[in-house]
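Residue numbers (the working numbering), protein chains in the order written: chain A, 1 to 253; chain B, 1 to 251; chain C, 1 to 265.
Careful, some of the hints might be misleading.
As the list claims (entries may be wrong) - Only pairs whose alpha carbons sit at most 30 angstroms apart, straight line, appear in this in silico BS3-like list of lysine-lysine:
hint, chain 1, residue 1, chain 2, residue 2
1, A, Lys237, B, Lys242
2, B, Lys242, A, Lys9
3, A, Lys84, C, Lys183
4, A, Lys148, C, Lys183
5, C, Lys197, C, Lys35
6, A, Lys84, B, Lys83
7, A, Lys148, C, Lys62
8, B, Lys7, A, Lys237
9, C, Lys128, A, Lys148
10, A, Lys148, C, Lys197
11, C, Lys141, A, Lys237
12, A, Lys84, C, Lys128
13, A, Lys148, B, Lys165
14, C, Lys238, A, Lys148
What the hints assert, rightly or not - So these bits of chain B aren't anywhere near chain A, every CB distance computed over 10 angstroms:
hint, residue
15, Ala10
16, Leu11
17, Ala65
18, Glu89
19, Ser100
20, Pro108
21, Arg153
22, Asp161
23, Lys188
24, Glu207
25, Arg241
Quick caveat, the hints were computed from the structure, so don't treat them as lab data. Quick caveat: nothing in here was measured; it's all calculated off a predicted structure. Where a beta carbon is used, it is the ideal one built from N, C-alpha and C, also for glycine.
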Amino acid sequence: MINRSLLLKLLSGLIVFGAWEIAGRVPISYAFPTFLESMAALARMTFDGTIFVAYGETLRPLVVGVAISAVFGIGIGLWIGLSKQFEWLFSPIFIVMQAAPLAALIPILVMIYGIGLTSKVFVVCIMAMPVIVLNTASAVRNTPVSLKEMATSFLAADRDVLLKIILPAASPVIFSGLRLGVSAGFIGAILSELKITPTGVGDIITYSRSIADYPSMYAAIFSIILLAVLFLNLLEKLENILFEGNNRGYVSD
Amino acid sequence: MILFGYKLPALSSLILWALLWEVVGRLELTFFVPPFSEVVTTLIALIPTPAFLSALGITAAAFGAGVFFAIVIGIPVGILMGKSRVLDELLLPWVNIFLSAPLTALVPVLMVLFGFGTRTVIITTTLFAIWIIILNARAGVKQINRSLVEMARSFGASPLDAFFKVYFWAALPEILGGVRIGVIRAVKGVIIGQLLISIVGFGALFELYSSKFLMAEFWAVLIVLFGLAFALSEFLAYLERKVSYYASSRG
Amino acid sequence: MSQIKPDARQAIPATDSAVSVRNVSKVYGDVQALKDLTLDFPRGELTSLLGPSGCGKTTLLKIIAGLLPATSGEVLINGRAVTGPGPDRSFVFQDFALMPWATVLRNVAFGLELRGVAKSEREAVAEKYIAAVGLAGFEQKYPHQLSGGMRQRVGLARALSVKAEVLLLDEPFSAVDEQTRRKFQEDMLELVQNEKKTFIFVTHSIEEAVYVSDQIAILLPRPSRVSEIIRPASFRDKGVANIRRDPEYLDIVDRIWASLRNYVE
């Protein structure tokens, strides 16, 4: 059965990329290169190193922004989850942020912080932060009551309950919040390169579009999507390995 | 939170934040944050203007069309995936890829293919919303009770009948859950599309305000947008809760 | 069959109480969960709190544990009033309350870990009790790798390893299957004999209560009160295999059912 599933995956890839190739050969639009042309452009950029330089540029605001969001997001989330007052005060902001199209804040950020790295980091932060905060808070709130009671009945201090029960119990959901934060951060990083100033991969996309080098443009887009998907999948795998059995072992299973 | 024995409503702290905003604005700490009251006054003056109404209309139309396509295509595809194993195995990897992919990167492609207009915005919106709708519809069909399917069969339901009378309704809670998340994503999609194209709807409005440094106008539009997005998501969550009663009671 | 009515309770000879509940009431909002409840738990014996669901038996147990405050009244352990959880009591949870991210060894040693006992020392104690509940060899396993019955043995070993004088068990066998449950009940009898501890055992199973108890307190709901205290006399020493056939055992089961049947919805 593993073979069948692998076969179908290959077939599915073949169909999609084949369709891309055929659509490019027709061509359905002057701006639609074939799959092979795009891959050739990607190979060229990989070999002459352009793509690595570009990623160095693109990933910087992403890494910085996600790191900041992780530290503050988890901190604020813990606080919201632990204190009713703090929840009342802060959670509405993040609930609204979660639903709102935060991309609309970009022009204001640019006005305030200019077109440099700061603005881009901010964009990544506002995209990544809400889901990290809300996941952390709900994970803390949903710590099984019986585990907390257990610790209390065995004379745990508040600090012990937090460090030995609440944090470990919440960590799988916090981690998946971080993964979703990274996913949103990718959107923020790309958006800021396309909207604020073209640097890195955004620069390749914008520049090759302006000189009508569509294979390079498609190659850059293909590579950034591929990178994001691979990295997020990796995080998901890591999550499964790290927290294997963490959500089981309760009475219900 | 409970204060002096009164239970404060869930979002009441936003009033406190608005007050803080007012104070920061009054102190003139920064040019970028005008007092909240000024923003509200501007907002009231702004709403009836043709520029705002047309931006809102264009955005609502693009959003509505995008969500419409996402739902009309997404739900049947999801249900078919839930029913057919081959189709599921062929499509699922792609659905998962597009679900987590930064779709923003595709907007430049859409721009060169479909032009700098509403068409691109609609497609962006659909692309943001459709994957989670497919995935949830699929999950909804997958969890349908086998005996329900056998019941339909034993009473001689035709495949088409089974599709509309059994699968759709049995999977409805999950489908609605997917539509809710999809719609929230669509709101972000429509704004991202307009921002990048920047000559239609709110995108054009933002461009105008930021080039002229009209801060009060900018914040006013943001408040309207965020408020609408939040109200929409709460409304859908309310609908979902109304349906979930029968989801919890089904066997 | 010696049976003692609540008002004759003071007449129990020669047993002092490890735990005394004095006029305890508990009110949740406007629901009266417990009303003016007074009950004694003789030292070294197993007392069951038996009653239909909603009779407040778990509430009472958690008040004794110090996990819930009583609205009025007090609980005395060896004459000292309970103000919160203490080292003299340990709790076995209905849903086991094992930490899924910790091994069996760490779970069992957790009570000692919280008391600041050194790692090697607490693990030695934990290993001893893991063996005592029949789980030797499973020290490095995680809860999700164990069956429900084994998980509750871990919970029991954890409660035993802190060497508390009073063991509080909240429907400990309700989440395990029937065969495991019977084995547990037999083990309970042995444990009560060997450990010289005071056991307070909450259950909703009449047979289970009669089988394992030295004393059964029947609680009736809304508001919760002790309706009757029964002390089985004759079958305790006849061996585990014979209890369920003993006429007194069967009589008591029938009698309790007769008084509880009106409270079944």
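Hint by hint, work out which the structure violates, then give me just those numbers in ascending order. The structure conflicts with hints 1, 2, 3, 6, 8, 12, 13, 14, 15, 16, 18, 19, 20, 23 and 24, although it agrees with all the remaining ones.
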